[in-house]
Amino acid sequence: MMKQVGSHRLIFWLTFIPPTLWLLIFLLIPLSIIGSFSFSEKRGLIDIELSWILNNYIRAADLIYLSTLIKSIGVAGITTVICFLFGFPLALGIASAPPRWKSILLIAIILPFCVNLLIRTYALIAVFRTRGFFNFGLEWFADLINVPFEPLSLLYNDTAVILGLVYVHLPFMILPLYAGFEGFNKTLLEAALDLGASKLELLTSIIIPIITPSIISGCILVFIPALGSYLTPELLGGPNSQMIANVIERQFMNANDWPFGSALSMVLVYLTFGILALRYLCFNNLYLDKNKRRL
Amino acid sequence: MKNPIIKIEGITKKFGIKNALEEIDLSIYEGEFFAIVGPSGCGKTTLLRVLAGFEVPDSGLLFIDGENMRSIPPNRRPLNIVFQSYALFPHMTVLDNIAFGLKVTGVPIKECYQRVKMLLKLVKLSGLDHRFPHQLSGGQLQRVALARALVKRPKVLLLDEPLSALDAKLRNEMRQELVRLQKSMGITFILVTHDQQEALSTADRIAVMNNGRIKQVASPTNLYESPSNKFVAGFIGSINLIKCEVRQIEGELCAVTTGLTKDLFSIKGKNEISVGQSYLMGVRPEKIQLTKLTDIDQYDNKLAGIINNITYLGRSSMYHVKVSGDENIVMNVSMSHSDRSENIDLCIGESVLMHWTAGSALLLEDHDS
Chain A
0 MMKQVGSHRL
10 IFWLTFIPPT
20 LWLLIFLLIP
30 LSIIGSFSFS
40 EKRGLIDIEL
50 SWILNNYIRA
60 ADLIYLSTLI
70 KSIGVAGITT
80 VICFLFGFPL
90 ALGIASAPPR
100 WKSILLIAII
110 LPFCVNLLIR
120 TYALIAVFRT
130 RGFFNFGLEW
140 FADLINVPFE
150 PLSLLYNDTA
160 VILGLVYVHL
170 PFMILPLYAG
180 FEGFNKTLLE
190 AALDLGASKL
200 ELLTSIIIPI
210 ITPSIISGCI
220 LVFIPALGSY
230 LTPELLGGPN
240 SQMIANVIER
250 QFMNANDWPF
260 GSALSMVLVY
270 LTFGILALRY
280 LCFNNLYLDK
290 NKRRL
Chain B
0 MKNPIIKIEG
10 ITKKFGIKNA
20 LEEIDLSIYE
30 GEFFAIVGPS
40 GCGKTTLLRV
50 LAGFEVPDSG
60 LLFIDGENMR
70 SIPPNRRPLN
80 IVFQSYALFP
90 HMTVLDNIAF
100 GLKVTGVPIK
110 ECYQRVKMLL
120 KLVKLSGLDH
130 RFPHQLSGGQ
140 LQRVALARAL
150 VKRPKVLLLD
160 EPLSALDAKL
170 RNEMRQELVR
180 LQKSMGITFI
190 LVTHDQQEAL
200 STADRIAVMN
210 NGRIKQVASP
220 TNLYESPSNK
230 FVAGFIGSIN
240 LIKCEVRQIE
250 GELCAVTTGL
260 TKDLFSIKGK
270 NEISVGQSYL
280 MGVRPEKIQL
290 TKLTDIDQYD
300 NKLAGIINNI
310 TYLGRSSMYH
320 VKVSGDENIV
330 MNVSMSHSDR
340 SENIDLCIGE
350 SVLMHWTAGS
360 ALLLEDHDS
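Which chain is which? The protein sequence lines are A and B, in order. So in numbering that gives the first Met the number 0, spot 102 of the first sequence is number 101, and the numbers just go up one at a time. So in numbering that gives the first Met the number 0, spot 88 of the second sequence is number 87, and the numbers just go up one at a time.
Be aware that a few hints might be false.
[Stated by the list, open to error] Using 25 Å as the maximum straight-line C-alpha spacing, the simulated SDA-like pairs for lysine to any residue come out as follows:
1. LYS198/A x PHE82/B
2. LYS102/B x LEU68/A
3. LYS229/B x THR44/B
4. LYS229/B x LYS286/B
5. LYS102/B x GLY195/A
6. LYS154/B x THR186/A
7. LYS286/B x ASN307/B
8. LYS185/A x LYS13/B
9. LYS6/B x GLY195/A
10. LYS13/B x PRO98/A
11. LYS41/A x LYS70/A
12. LYS242/B x GLY258/B
13. LYS185/A x PRO72/B
14. LYS102/B x THR203/A
15. LYS267/B x GLN288/B
16. LYS102/B x PRO98/A
17. LYS168/B x LYS182/B
18. LYS17/B x GLU248/A
19. LYS13/B x TYR166/A
20. LYS185/A x GLN83/B
21. LYS70/A x ASN239/A
22. LYS120/B x VAL103/B
23. LYS154/B x LEU187/A
24. LYS185/A x ASP95/B
25. LYS267/B x ALA303/B
26. LYS198/A x THR104/B
27. LYS109/B x GLU200/A
28. LYS41/A x ASN253/A
29. LYS102/B x LEU187/A
30. LYS41/A x ARG58/A
31. LYS185/A x ASN307/B
32. LYS198/A x PRO88/A
33. LYS123/B x ILE108/B
34. LYS198/A x PHE83/A
35. LYS185/A x PHE14/B
36. LYS185/A x ARG75/B
37. LYS229/B x GLY324/B
38. LYS198/A x THR44/B
It should be emphasised that the hints constitute simulated quantities derived from the structure, not laboratory data.
All chains, full assembly: derive it from the sequences and hints.
This is the structure:
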């Protein structure tokens with residue numbers, strides 16, 4: 000009996016320690032360092048003194064930084080909406096495909112993850128640049144119908160950034176939605192149909208309300224990384240389409256202003272936590288209800 | 000009888016190479032409580048789904064209230080279903096669940112809620128309007144599902160194994176409740192179930208299905224007392240079957256021999272039987288009496304045997320008796336404890352005499368058509 004308890008304790012520590020250490024070393028400690036930098040002042044070239052000042056945050060509220068932040072939120076928001084509009088029918092399609100096709104389609108969705116983000120982004124450049132595959136295609140088509148062709152400049156603007164972000168983040172929308180549809184009890188649709196509901200009413204009053212938790216998960220999974228994305232706007236964006244992460248990078252590198260860069264980073268962190276807290280508050284009721292069900 | 004509310008003509012449905020439904024012909028009349036019973040996989044659920052419009056038959060016609068349903072989708076058919084799993088909308092309250100069918104067909108909100116309140120009272124759920132499905136018990140969920148289907152005042156209510164998720168006591172209560180609702184509302188009920196007890200105790204008429212075919216349609220009494228074939232006899236209640244050969248026909252009764260004894264057995268015959276042909280003699284367990292082996296000369300339809308096993312069932316016991324003459328035949332005899340005569344010791348290994356009255360055995364076709 001004692002031995003059993005002892006081995007349970009061992010298993011407990013073995014499973015408890017590694018993730019805790021991981022979180023401590025790679026999340027909590029770096030975050031505290033950045034957090035404390037954000038309340039510090041720069042003294043000389045490399046000296047930073049923690050003096051508990053709010054100057055960095057006050058500076059972050061300057062119009063120039065604030066507008067970049069708002070623009071980033073806008074770009075991430077548009078990305079999320081587009082991802083949802085494409086992801087919803089795609090996930091629904093995969094979930095209702097015959098079982099043999101389901102796994103093939105899922106692999107097709109996940110496969111791009113096997114390729115490095117940098118390479119995928121360069122591939123997008125190869126497709127959309129002035130002398131890229133997309134323009135080649137258009138040119139071929141224009142020749143076919145005898146229309147003079149001028150290559151479109153598709154890269155280095157906000158549209159290109161959004162396009163790139165949608166491309167990268169679409170699987171994050173599709174997977175939770177797919178999981179939601181898979182868990183969906185299809186008899187409910189038959190019940191609604193039997194009671195006289197139209198196809199549209201099935202969607203609006205049965206499907207969407209029931210998979211709302213999956214929709215919110217998908218949106219958060221797209222919005223948060225899109226908001227902090229650095230590489231995509233750096234490579235696909237023009238001089239005016241930089242996002243908050245690019246500004247932060249410049250504070251750390253070019254401007255060598257770590258306290259201010261930290262403050263901007265922390266603003267992003269607070270924003271992310273705020274979104275997660277909001278979701279928790281919204282869904283807490285649901286969880287409570289589920290507990291009641293067990294009682 | 001009244002008009003058939005549902006008329007099925009030659010409906011066939013295949014899944015792959017398996018025939019789920021084969022040439023089904025069936026008429027169900029207005030105001031009837033009709034039951035479809037059969038073992039799982041017999042096609043009863045497919046038939047229900049064809050009626051509801053979720054499955055399209057390969058051939059055949061379906062009329063509901065005289066209207067051909069061929070091109071009518073499920074959401075425009077004048078019938079509603081109580082699903083086996085209830086299929087209540089988890090994100091809606093009891094009130095909204097029941098009102099859903101009315102709202103989507105454009106019934107004014109005020110009338111909607113009036114009708115819902117009325118139905119809640121009818122199924123004895125008043126006061127639970129604002130609960131969510133996960134806050135209800137199994138019996139309550141069942142009542143909500145019923146109310147949700149009935150609130151639309153359908154011409155036909157389909158019930159797909161509605162009581163299978165309830166415990167035995169609750170199931171009994173709900174059976175009576177279903178009959179009460181059906182009689183008071185006058186709606187045609189079609190109950191699909193694998194439980195013959197449930198069908199016998201609720202329905203006016205029963206269709207017994209097996210392997211995609213309807214084996215017999217009759218009232219519960221007729222189905223039990225005069226099953227038309229081996230399958231029905233065995234599925235509705237239990238029955239002991241012994242091979243026999245017809246020797247003589249005397250009006251209602253006929254005399255048969257079995258290979259077991261030299262005796263003639265007197266059996267309730269049926270139409271179109273011929274002398275000299277083999278049939279099955281069927282005897283229900285509760286029609287058989289057990290007595291001492293020494294009483295052998297007092298009775299006519301009798302078989303000797305040894306008690307092989309006893310199953311205690313509370314009110315009665317089931318005696319499994321090995322027939323002398325053929326070790327492979329085990330007769331099931333049901334005897335209530337109060338009927339048991341005092342002068343006989345019924346225990347395993349005891350030799351006994353089984354006997355029954357002349358008309359209580361049935362003559363059945365040997366082959367299963």
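Ascending list of hint numbers which this structure does not respect: Structure breaks hints 2, 11, 16, 18, 19 and 31.
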